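Q: Sequences listed follow chains R and S, in order. Under the numbering used here, read the first sequence as residues 33 to 146, first letter to last. Under the numbering used here, read the second sequence as residues 42 to 219, first letter to last.
Hints in this document: simulated from the structure, not taken from any laboratory. Because the structure is a prediction, the values reported are computed rather than measured. Careful: at least some of the hints might be erroneous.
To be verified - Facing chain R, a subset of chain S residues (Cβ under 8 Å, in silico):
1) Asp89
2) Pro91
3) Leu92
4) Val200
Claimed, not checked - Dumping the calculated DSS-like pairs for lysine-lysine here, alpha-carbon to alpha-carbon at most 30 Å:
5) S:Lys219 - R:Lys65
6) R:Lys65 - S:Lys191
7) S:Lys219 - R:Lys127
8) R:Lys137 - S:Lys219
9) R:Lys65 - R:Lys127
10) R:Lys72 - S:Lys137
11) R:Lys72 - R:Lys137
12) R:Lys137 - R:Lys127
13) R:Lys72 - R:Lys127
14) S:Lys198 - S:Lys186
15) R:Lys137 - R:Lys65
16) R:Lys65 - S:Lys198
17) R:Lys127 - S:Lys137
18) S:Lys198 - R:Lys127
19) S:Lys219 - R:Lys72
20) R:Lys137 - S:Lys198
21) S:Lys219 - S:Lys198
22) R:Lys137 - S:Lys191
What the hints assert, rightly or not - Taking beta-carbon pairs under 10 Å as the criterion, some of the chain S residues facing chain R (in silico):
23) Asn140
24) Gln199
25) Phe207
Don't be surprised by glycine CBs; every beta carbon is placed ideally from N, CA and C.
For reference, the chains in residue letters:
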Amino acid sequence: MRMLAAALLSSLLLALAPAAQAADVVLNVEDGKFRPEAAKMRVGDRLVVANRSENRLSIWGHAGDWAFDYRATQENGWTHEPGQSLGIVLNIPGKYRIGNSLDGKMRATVIVEQ
Amino acid sequence: MLRPLFSSLLAIALALSSAAALAADATAPEVVNPVGQWDGYEMIIQADVPLRGTLRQVFIDRASAAEARRSGELPYGTKIVMRDYIGVSDGKGGWKTENNRLVPGQPTVVLVQQKERGWGTTHPPEVRIGEWEFGLYTPAGQPIKADFEKACMPCHKQVEATDYNFLVTNYFGDIAGK
Chain R
33 MRMLAAALLS SLLLALAPAA QAADVVLNVE DGKFRPEAAK MRVGDRLVVA NRSENRLSIW
93 GHAGDWAFDY RATQENGWTH EPGQSLGIVL NIPGKYRIGN SLDGKMRATV IVEQ
Chain S
42 MLRPLFSSLL AIALALSSAA ALAADATAPE VVNPVGQWDG YEMIIQADVP LRGTLRQVFI
102 DRASAAEARR SGELPYGTKI VMRDYIGVSD GKGGWKTENN RLVPGQPTVV LVQQKERGWG
162 TTHPPEVRIG EWEFGLYTPA GQPIKADFEK ACMPCHKQVE ATDYNFLVTN YFGDIAGK
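Produce the entire structure from the sequences given, and follow the hints as far as they go.
A: Here it is, written out as structure tokens:
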């Protein structure tokens, strides 16, 4: 009887436990680099790129047959003004290359796991 | 009497034809117009812009795709075609998705990036991107004039290591294991 009650209680606690919360993973841009240059996140997390530099950025990401970029206005030449942070929820797993169209040397790798 | 006149006329004709040739050389070659020829292309990548609800479907001509899958590199004759769209609204202030990708709605433009041997010579070296040229069309296939040296080439110049494109060489390089 005690074991049954324990099992029921355990099931109840599991059912009431909050689902894993989606998280923000932040890549800062400073001194012409992403910091960090490698990150891991889970499907449904949001990849935030924060521009800590004085320059405009044009940030994109790509893995396999899907890509994205952070353009948020009708402006096509850049995505981030200095000081601006923008985030996109990534729902497709993969190993993403992250780059800046305005600076071909900037690179980061973000792995999105299921 | 006739010989000097003939010589003069010949000289003028040669000068005019040289000038015409120079003028022709100063004009970038025209890329293909893919509109209406979609059977010759395959879609390889969708590039979403979810914060503003636009998207781009990236195509490549089938012959170059077959070669690139083997080699991981884009051969001469490669035609990368980008079809841009406005996404479909989800009716709740966002954008409709299927398989986690934006759903294409109204088409906006068709952009072509084509590589041919000997192309690119009309552009100044600070913006020239190898032997690639660009073209822009309406969804119905009408050419649109654009200053590609300002609008496209400066950014593509940044990615010389991937043959002056952002996605396609990486896509095939990954497939070929390069």
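Q: Does each hint hold? Answer for all of them.
A: For each hint, the structure was consulted:
no.: 1; hint: Asp89; in the structure: 5 Å, holds
no.: 2; hint: Pro91; in the structure: 6 Å, holds
no.: 3; hint: Leu92; in the structure: 4 Å, holds
no.: 4; hint: Val200; in the structure: 5 Å, holds
no.: 5; hint: S:Lys219 - R:Lys65; in the structure: 25 Å, holds
no.: 6; hint: R:Lys65 - S:Lys191; in the structure: 25 Å, holds
no.: 7; hint: S:Lys219 - R:Lys127; in the structure: 15 Å, holds
no.: 8; hint: R:Lys137 - S:Lys219; in the structure: 19 Å, holds
no.: 9; hint: R:Lys65 - R:Lys127; in the structure: 19 Å, holds
no.: 10; hint: R:Lys72 - S:Lys137; in the structure: 27 Å, holds
no.: 11; hint: R:Lys72 - R:Lys137; in the structure: 21 Å, holds
no.: 12; hint: R:Lys137 - R:Lys127; in the structure: 19 Å, holds
no.: 13; hint: R:Lys72 - R:Lys127; in the structure: 9 Å, holds
no.: 14; hint: S:Lys198 - S:Lys186; in the structure: 21 Å, holds
no.: 15; hint: R:Lys137 - R:Lys65; in the structure: 8 Å, holds
no.: 16; hint: R:Lys65 - S:Lys198; in the structure: 19 Å, holds
no.: 17; hint: R:Lys127 - S:Lys137; in the structure: 24 Å, holds
no.: 18; hint: S:Lys198 - R:Lys127; in the structure: 25 Å, holds
no.: 19; hint: S:Lys219 - R:Lys72; in the structure: 23 Å, holds
no.: 20; hint: R:Lys137 - S:Lys198; in the structure: 12 Å, holds
no.: 21; hint: S:Lys219 - S:Lys198; in the structure: 22 Å, holds
no.: 22; hint: R:Lys137 - S:Lys191; in the structure: 20 Å, holds
no.: 23; hint: Asn140; in the structure: 8 Å, holds
no.: 24; hint: Gln199; in the structure: 3 Å, holds
no.: 25; hint: Phe207; in the structure: 6 Å, holds
Figure legend: structure checked against the earlier numbered hints; every hint is met.
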